[in-house]
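Protein sequence lines, in the order shown, are assigned to chains A and B.
Each residue of the first sequence is one higher than the one before, counting from 148 in the working numbering.
Each residue of the second sequence is one higher than the one before, counting from 140 in the working numbering.
These are calculated hints, taken from the structure and not from any lab test.
Computed from a prediction, not measured in an experiment: that's the story for all the values here.
Using N, Cα and C, we set each Cβ at its ideal position, and we do this for glycine too.
Honestly, I wouldn't trust all of these hints.
Facing chain B, from chain A, some residues (calculated, C-beta under 8 angstroms) [unchecked claim]: (1) Trp213; (2) Leu226; (3) Phe230.
Sample of chain B residues with no beta-carbon within 12 angstroms of chain A, all distances over it, derived [said to hold, decoys possible]: (4) Asn141; (5) Ile142; (6) Val143; (7) Thr144; (8) Leu147.
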Amino acid sequence: MTLSPATVGLATGTFLASAVECVEAFTIVLAMGLTRSWRAALLGALAALAVLAAVTALAGLALARWISESLLQLVIGTLLLIFGLQWLRKAILRSAGVQALRQEEAIFSENQEVARGAGHDVRLGLDWFAFVVAFKGVFLEGLEVVFIVITFGLAATKKDPNGMLVAAASALIAGIVVLIAGIIARRPLSSVPENTLKYAVGLLLSTFGTFWAAEGLGYFAAGKSLQWPGGDWAILGLLAGWLVLSQLAVRAPGLRAVGVGERFEP
Amino acid sequence: MNIVTGFLRFWYDFIVGDAWEIALGVVVVLGVGATLLRTAGVPPELVPLLVAAGIAIVVGLSLRMEVRRRTKARASISGRG
Chain A
148 MTLSPATVGL ATGTFLASAV ECVEAFTIVL AMGLTRSWRA ALLGALAALA VLAAVTALAG
208 LALARWISES LLQLVIGTLL LIFGLQWLRK AILRSAGVQA LRQEEAIFSE NQEVARGAGH
268 DVRLGLDWFA FVVAFKGVFL EGLEVVFIVI TFGLAATKKD PNGMLVAAAS ALIAGIVVLI
328 AGIIARRPLS SVPENTLKYA VGLLLSTFGT FWAAEGLGYF AAGKSLQWPG GDWAILGLLA
388 GWLVLSQLAV RAPGLRAVGV GERFEP
Chain B
140 MNIVTGFLRF WYDFIVGDAW EIALGVVVVL GVGATLLRTA GVPPELVPLL VAAGIAIVVG
200 LSLRMEVRRR TKARASISGR G
């Protein structure tokens, strides 16, 4: 396997994005487990993982069978770009103090408070509230991981036949690392620099989204992907460009003026 | 809310999120890129660079809109107080 900039970026991006989502899912399951029922919380999480596996298999099969390569690149690049820019925008707003920082401890306490106040509805022998909340939390956070793995993996497969494997393995390793850290800590993983990680992921998703979406525009010309000046090395140029622009935005007087909350320095 | 509306709402929130202008802007920039490729005779190697510049402008505009939203919200709160 060659370690091209695209492969390294793919593995890093998928790992970081998955780790952030796993930390968020872990907080929800932990809150339900400690406050309500570990059995219901863990079964809810497992059920969500099973549904996610089925969704991933179906989506991957449909995308690979029915969509041509350049169109796939365009569609995937566009989705990744929209998704990545949303992350980057939020990170800029958080960094400038315009939007509240995400605090795992505070979210954990909120979840626990809601869980304590909820009624006891028992279905299928399970604490239904804990089951549903854990299922929804793991499913929604996991869906973002699946989306990133499919988009990164499929787009990278064009250049690296192991692209999907690299993406899936990176996500799996991130999940295992977060789970082990969580089991050891037995509390929300608030020491993970989540806001900085989200900023890094936003940069990577925006970089690869821009790269692939622009390449995919070749679908409208000769049907072949467009080439960036410098080939794959343009990825590094794009990453540097997004980094500089986002830092300029964070320091822009307009944003600083409306930012009244706590800031973080990425 | 029926199942179809709920399903569409979920995907809208998932992909478009709270800044619709980003999604719209990206689609517009890519549309312009495709048009340049097909009709304007712009060299194909220039199109990715133009697209990247267009997307950077979209992000800038979206942040500007957010500043305006926040300023307006703050003004209406202080007006009420």
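Does Leu147/B sit more than 12 angstroms from chain A, CB to CB?
15 angstroms, holds
Hey, does the Leu226/A contact hint survive, CB to chain B under 8 angstroms?
7 angstroms, holds
Asn141/B and chain A, when compared Cβ to Cβ, separated by more than 12 angstroms
19 angstroms, holds
Chain B contact restraint for Trp213/A - C-beta distance below 8 angstroms:
18 angstroms, violated
Measuring from the C-beta of Phe230/A to each C-beta in chain B, is the shortest one below 8 angstroms?
This hint holds: Phe230/A lies near chain B, its Cβ roughly 7 angstroms from the closest one there, short of 8 angstroms.
Check on Val143/B being off the interface with chain A, judged by Cβ distance over 12 angstroms:
18 angstroms, holds
Minimum Cβ separation between Ile142/B and chain A greater than 12 angstroms?
Fine: 16 angstroms to the nearest Cβ keeps Ile142/B off the interface.
Thr144/B remote from chain A - nearest C-beta pair above 12 angstroms
18 angstroms, holds
When each numbered hint is compared with the structure, a violation occurs for hint 1 only.
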